[in-house]
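K.L.:
The primary structure of each chain is shown beneath.
Number of protein chains: 2
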Amino acid sequence: MPARLQKLLSICRETGKFGNTFRKLFLKLTGGKNSMKTYPECYTCIFRQAVTAVKLNCPDQNLQIQTLQKVLNTLAEIDDKLSPSAIAGETNRVIRESIGVDDLYQADKISSHKNAIRYLDDLRTLLKQSQDPLEQGLKISAAGNIIDIVHANDYDLWEEVETTVSQDLQGEGLEAFRKKVNEVPHLLYLADNVGETVFDRVFIESLDIPVMYAVKSGPVLNDATLKDALAAGIDQVAEIVETGSWAPGTILYQSSDKFQQLFKASPLVLSKGQANYETMDEQGEKVFFLLRVKCPVLSERLNVPLGNLVLKQGNPLN
Amino acid sequence: MPARLQKLLSICRETGKFGNTFRKLFLKLTGGKNSMKTYPECYTCIFRQAVTAVKLNCPDQNLQIQTLQKVLNTLAEIDDKLSPSAIAGETNRVIRESIGVDDLYQADKISSHKNAIRYLDDLRTLLKQSQDPLEQGLKISAAGNIIDIVHANDYDLWEEVETTVSQDLQGEGLEAFRKKVNEVPHLLYLADNVGETVFDRVFIESLDIPVMYAVKSGPVLNDATLKDALAAGIDQVAEIVETGSWAPGTILYQSSDKFQQLFKASPLVLSKGQANYETMDEQGEKVFFLLRVKCPVLSERLNVPLGNLVLKQGNPLN
Numbered sequence: 001m002p003a004r005l006q007k008l009l010s011i012c013r014e015t016g017k018f019g020n021t022f023r024k025l026f027l028k029l030t031g032g033k034n035s036m037k038t039y040p041e042c043y044t045c046i047f048r049q050a051v052t053a054v055k056l057n058c059p060d061q062n063l064q065i066q067t068l069q070k071v072l073n074t075l076a077e078i079d080d081k082l083s084p085s086a087i088a089g090e091t092n093r094v095i096r097e098s099i100g101v102d103d104l105y106q107a108d109k110i111s112s113h114k115n116a117i118r119y120l121d122d123l124r125t126l127l128k129q130s131q132d133p134l135e136q137g138l139k140i141s142a143a144g145n146i147i148d149i150v151h152a153n154d155y156d157l158w159e160e161v162e163t164t165v166s167q168d169l170q171g172e173g174l175e176a177f178r179k180k181v182n183e184v185p186h187l188l189y190l191a192d193n194v195g196e197t198v199f200d201r202v203f204i205e206s207l208d209i210p211v212m213y214a215v216k217s218g219p220v221l222n223d224a225t226l227k228d229a230l231a232a233g234i235d236q237v238a239e240i241v242e243t244g245s246w247a248p249g250t251i252l253y254q255s256s257d258k259f260q261q262l263f264k265a266s267p268l269v270l271s272k273g274q275a276n277y278e279t280m281d282e283q284g285e286k287v288f289f290l291l292r293v294k295c296p297v298l299s300e301r302l303n304v305p306l307g308n309l310v311l312k313q314g315n316p317l318n
Numbered sequence: 001m002p003a004r005l006q007k008l009l010s011i012c013r014e015t016g017k018f019g020n021t022f023r024k025l026f027l028k029l030t031g032g033k034n035s036m037k038t039y040p041e042c043y044t045c046i047f048r049q050a051v052t053a054v055k056l057n058c059p060d061q062n063l064q065i066q067t068l069q070k071v072l073n074t075l076a077e078i079d080d081k082l083s084p085s086a087i088a089g090e091t092n093r094v095i096r097e098s099i100g101v102d103d104l105y106q107a108d109k110i111s112s113h114k115n116a117i118r119y120l121d122d123l124r125t126l127l128k129q130s131q132d133p134l135e136q137g138l139k140i141s142a143a144g145n146i147i148d149i150v151h152a153n154d155y156d157l158w159e160e161v162e163t164t165v166s167q168d169l170q171g172e173g174l175e176a177f178r179k180k181v182n183e184v185p186h187l188l189y190l191a192d193n194v195g196e197t198v199f200d201r202v203f204i205e206s207l208d209i210p211v212m213y214a215v216k217s218g219p220v221l222n223d224a225t226l227k228d229a230l231a232a233g234i235d236q237v238a239e240i241v242e243t244g245s246w247a248p249g250t251i252l253y254q255s256s257d258k259f260q261q262l263f264k265a266s267p268l269v270l271s272k273g274q275a276n277y278e279t280m281d282e283q284g285e286k287v288f289f290l291l292r293v294k295c296p297v298l299s300e301r302l303n304v305p306l307g308n309l310v311l312k313q314g315n316p317l318n
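Line by line, the protein sequences are chains X and L.
Start counting the first sequence at 1; every next residue gets the next number (the numbering used here).
Start counting the second sequence at 1; every next residue gets the next number (the numbering used here).
Among the clues, some could well be false.
Any copy will do: because identical chains look the same in the list, a pair fits if it lies in one copy or spans two.
[Stated by the list, open to error] Derived SDA-like pairs: lysine to any residue, alpha-carbon spacing no greater than 20 Å straight-line:
hint: 1; residue 1: LYS55; residue 2: PRO296
hint: 2; residue 1: LYS81; residue 2: VAL51
hint: 3; residue 1: LYS180; residue 2: VAL165
hint: 4; residue 1: LYS70; residue 2: LEU56
hint: 5; residue 1: LYS180; residue 2: MET212
hint: 6; residue 1: LYS179; residue 2: GLY314
hint: 7; residue 1: LYS37; residue 2: VAL51
hint: 8; residue 1: LYS37; residue 2: GLN64
hint: 9; residue 1: LYS286; residue 2: ALA265
hint: 10; residue 1: LYS37; residue 2: LEU63
hint: 11; residue 1: LYS37; residue 2: GLN313
hint: 12; residue 1: LYS37; residue 2: GLY284
hint: 13; residue 1: LYS37; residue 2: ARG48
hint: 14; residue 1: LYS70; residue 2: PRO40
hint: 15; residue 1: LYS37; residue 2: LYS55
hint: 16; residue 1: LYS55; residue 2: THR44
hint: 17; residue 1: LYS7; residue 2: TYR155
hint: 18; residue 1: LYS55; residue 2: LYS70
Bear in mind the hints are in silico, worked out from the structure with no lab data behind them.
Please model the complete structure; the sequences and the hints are all you need to start from.
P.N.:
Listed below in structure tokens is the structure:
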């Protein structure tokens, strides 16, 4: 990486603020491409999350409003060419700093983990019952993506799992993924939410190749960190690595050099959930997106109805 | 009104911008009180409306985002002591100016009117069937408040009317209103949405006293203006007056002197819908609020479950 960019990157990492200047410079110098942009409805969704986070963590009504005004100001000023996840990462930082709370969804994460871990053996049985364990494992992993504080929090987990796993996997990525996973020396697996980690574990332990499981370096939304991956026992089935970033999704220019090198060296990447799709959708055909479609914008973009499971291969780099 | 305030008011009316300085000065000089404040969730709702309005009226995606950034900026800067309706009035002005469209919900209003006017005779029959025409008329008028572009737009109108009219009127305002309406020389009726106007007409023609029917002076959301009231035939049953303002609800300090005098001189006011409640809730016990509860914030504030019809007397001035 050029020295000029390296210096700017250090400053950004220290402050946690990744401005637009840095993003543009990075893309120019590395030849990277923009990820999914933000749509009008995304602002509503990001702000709704902010209201939830602020009310959950801050009893002082004046500070609630002050914090939300800062969030509104951030949304008004931020570059709309950023992905929704990158913007949500920034508004999360604003909230954390304004109310002085680092982990905004701690209670949700604890209850999501507890809710998921009790189904560990049931999920294993569900996988073994299938004649196509790879397809079934992918479906189980994607079904775990229902666990979410952004789009829904009122559901019966096991009922959802049984319903969604009985559906077809949309997105036409299955056969290409099957071929690749039998050829490559290792799989880079981009984690998503706490609780979903348990579903990931069940899928990963059914695979025959080494897996690197990438988690966030700090708490953002209900995304899994090292601690959460350990709680789900991922260390027993994969090597856990950190992205170096606190942003939702995987924003390469905000990640550590080490993670960027790992990404570059990985011939196959399984990217879990919506935020990873939003931030990784222009990284080529080695990336496969595995998620449950939970938002109308993504449903339209992927041309898959809401509630469906998707495995979709990334577009070729051009 | 003091000359100083009068001058400031002229400027505000000319520009359509009613700043915080003006509001504070007005309240100080007139001894008025603040209306319902804005809650965190209200910002989400107001912004969601803005997204809908912008997408409805502006095909240019860049202008959509630019306009929404202006709205976000307005929401970040505006005084949170204003009512949600006053803030929505301001964001509506920002949108109108940014995209150059005056009437953001014209198509919705046309279809709401058409949908409602075909039930005119059915509504009259429904009123006559009751042994208590005053209560039934109030319920019919409140049932018309389902017509709304903010909270819902997917319903069967007649089915909703029949269901809601069969429920009790909440809010314990019925007997006090019955007593007052038999004593006073005239009723000031604050209109709400287009289409709801047809329901208002059916109720008003069952009353024995003169009614002044107050509409907005310009298009905002789907609120009724003079043209809309005429289309519903209100002129055949009441005298139509304008508030002098484009804001949703009835914000006295933004209204014309003539309307302010009428309000002051009216011994009984029937205030229709949520926006009028938000902006009139501190105007004393001569105001009765008639609405369908459509938002969680108001449901909690009024202690009435969502979907119910309410007639509630204002609190005494102190």
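K.L.:
Indicate, hint by hint, whether the structure satisfies it.
P.N.:
Okay, the hints, checked on the actual structure:
1. Taking identical chains as interchangeable, the C-alpha atoms of LYS55 and PRO296 lie at most 20 Å apart only when they sit on different chains, with a minimum of 15 Å there against 25 Å within one chain.
2. Taking identical chains as interchangeable, the C-alpha atoms of LYS81 and VAL51 lie at most 20 Å apart only when they sit on different chains, with a minimum of 18 Å there against 23 Å within one chain.
3. Taking the shortest Cα distances, LYS180 and VAL165 never come within 20 Å of each other, neither inside one copy (23 Å) nor across copies (63 Å).
4. In this assembly of identical chains, the alpha carbons of LYS70 and LEU56 lie at most 20 Å apart only when taken from the same copy (17 Å versus 28 Å across copies).
5. Taking identical chains as interchangeable, the C-alpha atoms of LYS180 and MET212 lie at most 20 Å apart only when both belong to the same chain, with a minimum of 16 Å there against 75 Å between chains.
6. For the homomeric pair LYS179 and GLY314, the shortest alpha-carbon distance inside one copy (15 Å) is at most 20 Å, but the shortest distance between copies (71 Å) is not.
7. Taking CA atoms no more than 20 Å apart as the test, LYS37 paired with VAL51 passes between copies only; the shortest distance there is 16 Å, against 22 Å inside one copy.
8. Only between protomers do LYS37 and GLN64 lie at most 20 Å apart by alpha-carbon distance; the minimum there is 14 Å, versus 28 Å within a single protomer.
9. With identical chains, the CA atoms of LYS286 and ALA265 are at most 20 Å apart within one copy only, with a shortest distance of 11 Å there and 75 Å across copies.
10. Proximity of LYS37 to LEU63 under the C-alpha cut-off of 20 Å is restricted to the inter-copy arrangement: shortest distance 15 Å between copies versus 31 Å within a copy.
11. Taking the shortest Cα distances, LYS37 and GLN313 sit within 20 Å of each other inside one copy (19 Å), while across copies they are farther apart (49 Å).
12. Taking the shortest alpha-carbon separations for LYS37 and GLY284, only the intra-copy value of 17 Å comes in at or below 20 Å, while the best inter-copy value is 50 Å.
13. Taking CA atoms no more than 20 Å apart as the test, LYS37 paired with ARG48 passes in both settings, with 19 Å inside one copy and 19 Å between copies.
14. Proximity of LYS70 and PRO40 under a CA criterion of 20 Å is satisfied in both settings, with 19 Å inside one chain copy and 13 Å between copies.
15. In this homomeric assembly, LYS37 and LYS55 come within 20 Å of each other (Cα to Cα) only across copies, at 17 Å, whereas the closest approach inside a single copy is 28 Å.
16. Taking the shortest Cα distances, LYS55 and THR44 sit within 20 Å of each other both inside one copy (17 Å) and across copies (13 Å).
17. In the homo-oligomer, the alpha carbons of LYS7 and TYR155 never lie at most 20 Å apart, since the shortest distance is 47 Å inside one protomer and 58 Å across protomers.
18. For the identical chains of this complex, LYS55 and LYS70 are intra-copy neighbours only, at 15 Å inside a copy versus 25 Å across copies, given an alpha-carbon limit of 20 Å.
Hint compliance for this structure: hints 3 and 17 are not met, and every other hint is.
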